[in-house]
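*Asks:* This is what each chain is made of:
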Amino acid sequence: MTEERRKVQAALGVADDLASLVGGTLEGCGTTEITGVQMLEDAQPGDLTFVGDAQYAKRWGDSKATVALVNRQLDLGDWDRTTRAVLWVDDADHAMIAVLERLEGMDRDSGSDDAGISPSAIVDPDARVGEGVSIGPNAVVEAGCSIGSRARIGANVILESGVHIDEDAVLHAQVVVRWNCRIGARTILHSGVVVGSDGFGYRPAPDGSGIRKIPHRGNVVIGSDVEIGANTCIDRGKFGATSIGDSTKIDNLCQIGHNVRLGRMVMISGLSGIAGTTTVGDGTLIGGSSGLADHLKIGRECQIAARSGVMNDIPDGETWGGFPAKEIRQALKEQAVLRKLPEWSKRLKKLMS
Amino acid sequence: MTEERRKVQAALGVADDLASLVGGTLEGCGTTEITGVQMLEDAQPGDLTFVGDAQYAKRWGDSKATVALVNRQLDLGDWDRTTRAVLWVDDADHAMIAVLERLEGMDRDSGSDDAGISPSAIVDPDARVGEGVSIGPNAVVEAGCSIGSRARIGANVILESGVHIDEDAVLHAQVVVRWNCRIGARTILHSGVVVGSDGFGYRPAPDGSGIRKIPHRGNVVIGSDVEIGANTCIDRGKFGATSIGDSTKIDNLCQIGHNVRLGRMVMISGLSGIAGTTTVGDGTLIGGSSGLADHLKIGRECQIAARSGVMNDIPDGETWGGFPAKEIRQALKEQAVLRKLPEWSKRLKKLMS
Amino acid sequence: MTEERRKVQAALGVADDLASLVGGTLEGCGTTEITGVQMLEDAQPGDLTFVGDAQYAKRWGDSKATVALVNRQLDLGDWDRTTRAVLWVDDADHAMIAVLERLEGMDRDSGSDDAGISPSAIVDPDARVGEGVSIGPNAVVEAGCSIGSRARIGANVILESGVHIDEDAVLHAQVVVRWNCRIGARTILHSGVVVGSDGFGYRPAPDGSGIRKIPHRGNVVIGSDVEIGANTCIDRGKFGATSIGDSTKIDNLCQIGHNVRLGRMVMISGLSGIAGTTTVGDGTLIGGSSGLADHLKIGRECQIAARSGVMNDIPDGETWGGFPAKEIRQALKEQAVLRKLPEWSKRLKKLMS
Numbered sequence: 001m002t003e004e005r006r007k008v009q010a011a012l013g014v015a016d017d018l019a020s021l022v023g024g025t026l027e028g029c030g031t032t033e034i035t036g037v038q039m040l041e042d043a044q045p046g047d048l049t050f051v052g053d054a055q056y057a058k059r060w061g062d063s064k065a066t067v068a069l070v071n072r073q074l075d076l077g078d079w080d081r082t083t084r085a086v087l088w089v090d091d092a093d094h095a096m097i098a099v100l101e102r103l104e105g106m107d108r109d110s111g112s113d114d115a116g117i118s119p120s121a122i123v124d125p126d127a128r129v130g131e132g133v134s135i136g137p138n139a140v141v142e143a144g145c146s147i148g149s150r151a152r153i154g155a156n157v158i159l160e161s162g163v164h165i166d167e168d169a170v171l172h173a174q175v176v177v178r179w180n181c182r183i184g185a186r187t188i189l190h191s192g193v194v195v196g197s198d199g200f201g202y203r204p205a206p207d208g209s210g211i212r213k214i215p216h217r218g219n220v221v222i223g224s225d226v227e228i229g230a231n232t233c234i235d236r237g238k239f240g241a242t243s244i245g246d247s248t249k250i251d252n253l254c255q256i257g258h259n260v261r262l263g264r265m266v267m268i269s270g271l272s273g274i275a276g277t278t279t280v281g282d283g284t285l286i287g288g289s290s291g292l293a294d295h296l297k298i299g300r301e302c303q304i305a306a307r308s309g310v311m312n313d314i315p316d317g318e319t320w321g322g323f324p325a326k327e328i329r330q331a332l333k334e335q336a337v338l339r340k341l342p343e344w345s346k347r348l349k350k351l352m353s
Numbered sequence: 001m002t003e004e005r006r007k008v009q010a011a012l013g014v015a016d017d018l019a020s021l022v023g024g025t026l027e028g029c030g031t032t033e034i035t036g037v038q039m040l041e042d043a044q045p046g047d048l049t050f051v052g053d054a055q056y057a058k059r060w061g062d063s064k065a066t067v068a069l070v071n072r073q074l075d076l077g078d079w080d081r082t083t084r085a086v087l088w089v090d091d092a093d094h095a096m097i098a099v100l101e102r103l104e105g106m107d108r109d110s111g112s113d114d115a116g117i118s119p120s121a122i123v124d125p126d127a128r129v130g131e132g133v134s135i136g137p138n139a140v141v142e143a144g145c146s147i148g149s150r151a152r153i154g155a156n157v158i159l160e161s162g163v164h165i166d167e168d169a170v171l172h173a174q175v176v177v178r179w180n181c182r183i184g185a186r187t188i189l190h191s192g193v194v195v196g197s198d199g200f201g202y203r204p205a206p207d208g209s210g211i212r213k214i215p216h217r218g219n220v221v222i223g224s225d226v227e228i229g230a231n232t233c234i235d236r237g238k239f240g241a242t243s244i245g246d247s248t249k250i251d252n253l254c255q256i257g258h259n260v261r262l263g264r265m266v267m268i269s270g271l272s273g274i275a276g277t278t279t280v281g282d283g284t285l286i287g288g289s290s291g292l293a294d295h296l297k298i299g300r301e302c303q304i305a306a307r308s309g310v311m312n313d314i315p316d317g318e319t320w321g322g323f324p325a326k327e328i329r330q331a332l333k334e335q336a337v338l339r340k341l342p343e344w345s346k347r348l349k350k351l352m353s
Numbered sequence: 001m002t003e004e005r006r007k008v009q010a011a012l013g014v015a016d017d018l019a020s021l022v023g024g025t026l027e028g029c030g031t032t033e034i035t036g037v038q039m040l041e042d043a044q045p046g047d048l049t050f051v052g053d054a055q056y057a058k059r060w061g062d063s064k065a066t067v068a069l070v071n072r073q074l075d076l077g078d079w080d081r082t083t084r085a086v087l088w089v090d091d092a093d094h095a096m097i098a099v100l101e102r103l104e105g106m107d108r109d110s111g112s113d114d115a116g117i118s119p120s121a122i123v124d125p126d127a128r129v130g131e132g133v134s135i136g137p138n139a140v141v142e143a144g145c146s147i148g149s150r151a152r153i154g155a156n157v158i159l160e161s162g163v164h165i166d167e168d169a170v171l172h173a174q175v176v177v178r179w180n181c182r183i184g185a186r187t188i189l190h191s192g193v194v195v196g197s198d199g200f201g202y203r204p205a206p207d208g209s210g211i212r213k214i215p216h217r218g219n220v221v222i223g224s225d226v227e228i229g230a231n232t233c234i235d236r237g238k239f240g241a242t243s244i245g246d247s248t249k250i251d252n253l254c255q256i257g258h259n260v261r262l263g264r265m266v267m268i269s270g271l272s273g274i275a276g277t278t279t280v281g282d283g284t285l286i287g288g289s290s291g292l293a294d295h296l297k298i299g300r301e302c303q304i305a306a307r308s309g310v311m312n313d314i315p316d317g318e319t320w321g322g323f324p325a326k327e328i329r330q331a332l333k334e335q336a337v338l339r340k341l342p343e344w345s346k347r348l349k350k351l352m353s
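One line per chain: the protein sequences are A, B and C, in this order. Count the first sequence with this note's numbering and you get residues 1 to 353, in order. Count the second sequence with this note's numbering and you get residues 1 to 353, in order. Count the third sequence with this note's numbering and you get residues 1 to 353, in order.
Looking at chain A on its own, in the form it has when it is part of the complex (with noise of 0.2 Å):
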């Protein structure tokens, strides 16, 4: 048994173990000991997994898994109930985010275990390192950072001179976080994300001859819970700050402009981008491949489908879609004309001749 699966049935235990925690009756083999958590078609002896509906059922009888998380109503067909067990339960999605959660802290990723400045990171002596900290190999952290107890730099990562790090904060290998920006407790930093780069901002030089730098000397200021994809960028404000909410998520490759400042809980899906000055409300969602305008003031609770080009502010609880972006039923009606229009063109021609 491999060292990975050791540490899984210690997490685990048996089938038997699961049932409370996942809210499931048990029916086959109480104890079959579970030593990893795979998908169906690749699960080997030992693997949990999970059936979710018909399709995954009719593989459940053929499959290597050992135990699986089953929705009530399905039919599994015929299977050895004498060494495989099934946890019935209501929704085996969440039934396995609770297996996942019961995991957690048993990876590398949790570990406190390697706490420690690496001999090869390079700390100014003017930097306040809290207790427990632990940061990667040739990190860098430059004079007048505070990095807070438990936080954890990964390697290669930056931190510019006057960054501070709240507690428990989590910066994965290769992040930047550029001069006086600050990062909130408990936060998730990915692997590639440049905090504070300068914003987008020009002007036609007074003499006629080119293009002027707008300077930005404003900064950025990430709350505590919130997560940010890799490689996702998030410019610093001209002055004042740029600002993210607790518990805001961003998935990966995000373009966060300059003086945006998003409310708490908000939800962007990757390749989206928030132009300059604009405002997002709290716990309001914002699809993948999104584009919203700069200067603009989007409410509280609204949704944004994926793909929309918003132009335009946005009531409160708004749901909102296409390009430019309107109200979805607006714009659903919209597509629904659209996709009839081929068939009644050539009505349509006759009757305008």
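It is worth saying that the hints were derived from the structure and are not from the lab. Accuracy of the hints is not assured; some may be wrong.
Said to hold, decoys possible - Label pairs and their in silico Cβ distance ranges:
id : chain 1 : residue 1 : chain 2 : residue 2 : range
1  : B       : Met352    : C       : Gln55     : 47 to 53 Å
2  : B       : Gln9      : A       : Ile117    : 31 to 37 Å
3  : B       : Asp78     : A       : Asp126    : 43 to 49 Å
What the hints assert, rightly or not - Heads up, simulated SDA-like pairs for lysine to any residue below, C-alpha to C-alpha not over 20 Å straight-line:
id : chain 1 : residue 1 : chain 2 : residue 2
4  : A       : Lys64     : A       : Leu26
5  : B       : Lys346    : C       : Lys346
6  : A       : Lys349    : B       : Cys29
7  : B       : Lys297    : B       : Pro315
8  : A       : Lys340    : C       : Leu348
Where is the CB? At the ideal position from N, CA and C, for every residue including glycine.
Could you slot chains B and C onto chain A? The hints should help.
*Replies:* Same frame as chain A, now just chains B and C:
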């Protein structure tokens, strides 16, 4: 007073000192010291702020800011003229930029005081390094590189063999410039930029067995006074150069394909992509999240609206938008009719029946 | 003659030598030495170039290039046959690729001469490193990693614990591969690629207090002969793998969500995103700036046009486009009718009145 506030105070002085810089008329206390620059809602005593519209004007009275740049026509209501000051100006936005420009040079970003080569940087003995160059921790400079005077190479930057960096260029932390590429004078590359990765070019293998990679042996040549945003990628030419003209500005997370040729003073907003071998003329503006197909010829002084998908050449001076992109008036007319179609559809159906 | 030109000369020889390589017919001086490869407008004496159309053909006479690969049907006008040479070929594009392929192996990118582990690389004693592997400066290889023979790991690359790299893989500078992920033989990861970041998955906290992160304990499994473009991100599975099939090619700045499954020889152009758990069949092509919603099943040998927003499953072999994406003929018909609507609208309004 913090070190930062001391530096701002030294640079900006008192309200009276700024009147001529911003072309403003002083009202209130001319001897109030300015120790920071901040947005109205976040301002603390000592801060300078700006009041650009009636919304801001209403909040000046209750703000903690000490000095404001205010557009001449606005009504500020009551405020304390004995300790606070207003500088009435024609354009508060431009006045603020003048203030920010005066602050340039006081911060780490413009400092030459840190010039020097970090002991942890790995610089090949065969590389030529000019006077006053700074090279950050863990940066790698391979054989055959040359770096012009006063250029600043950030932490963890990788310059592969034969790279040429002109004087006063700034490469922020974590930039990669691959072999034989050239970066012009005063050009700024933000963190995470990749210059000179291979283009996306393949062809069927001659023996029908799969896909064969086309070697990319060209390079990237970036002019002077260019700025490239964080995590933007510029692919090297298949042979010959991908070239970026002087004073061109590219925002974060853009993709510039192999053998693309951008003219001078081109501006490209975030999350835009330009496919291989397309050329873009001087002074053309490209809105965010736009895409240009390959092998196109885009003229000079064109404007391409945000979220455009350009599939055709564009003549000089034209404004295009939409997808597939077309002349903007046609694109806007299509949007306008589309908006009315849902209400027309019932009547149209009756007519056609 | 520069070192570079000497190497090109050694690889390509004189015009006469290339005739059989490119299947061409020589005209002019067969003994002219080739010391570079360049676009027509930038070529210097000694350079080989290509002339693929009538526009290029007109400029051959005045060009400084010494040798050209020219499509057979073109008219070159007057040129000096005593010092210059033309190789008439069926397809100048393909001929040029043959030349570029002959040059492969002469440059740093393919050299095995620099094999070896940089003294500044940090390689865990528990990692297994094959024969002829090169590991660049400041790279980090954690415990439990294994690296196959002749793999090349660039500067600043981070391989977290338990990562497996197969033989002859190439990871360019600044790549991050997070724990337990697997990279196949001969696969190329360009600079800034992040493999194995957490997927974008959350659920309401059971106590209603906010948003809870779903742990991601799966991994990423990338096949052999894959190429992944600069700054592209591939999220790890929630459990089980995100998997990328053999010979699949992904361009720069793409986002591949958790538990996505891409088949063999899939091609994805830049700035595209694929949301969680979607599968894509073998040989499917996805145009730039496209987005695929989550949990979709895209067939084999499909074509998805650039800027598509795919919201539905696509059967094998179909071509789709637009947003919401639909079969391409329907999408093009809608575009065509839409284009006519503005001129129709006046007459339609009259009919309806």
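*Asks:* So which of the earlier hints does this model not fit?
*Replies:* 6
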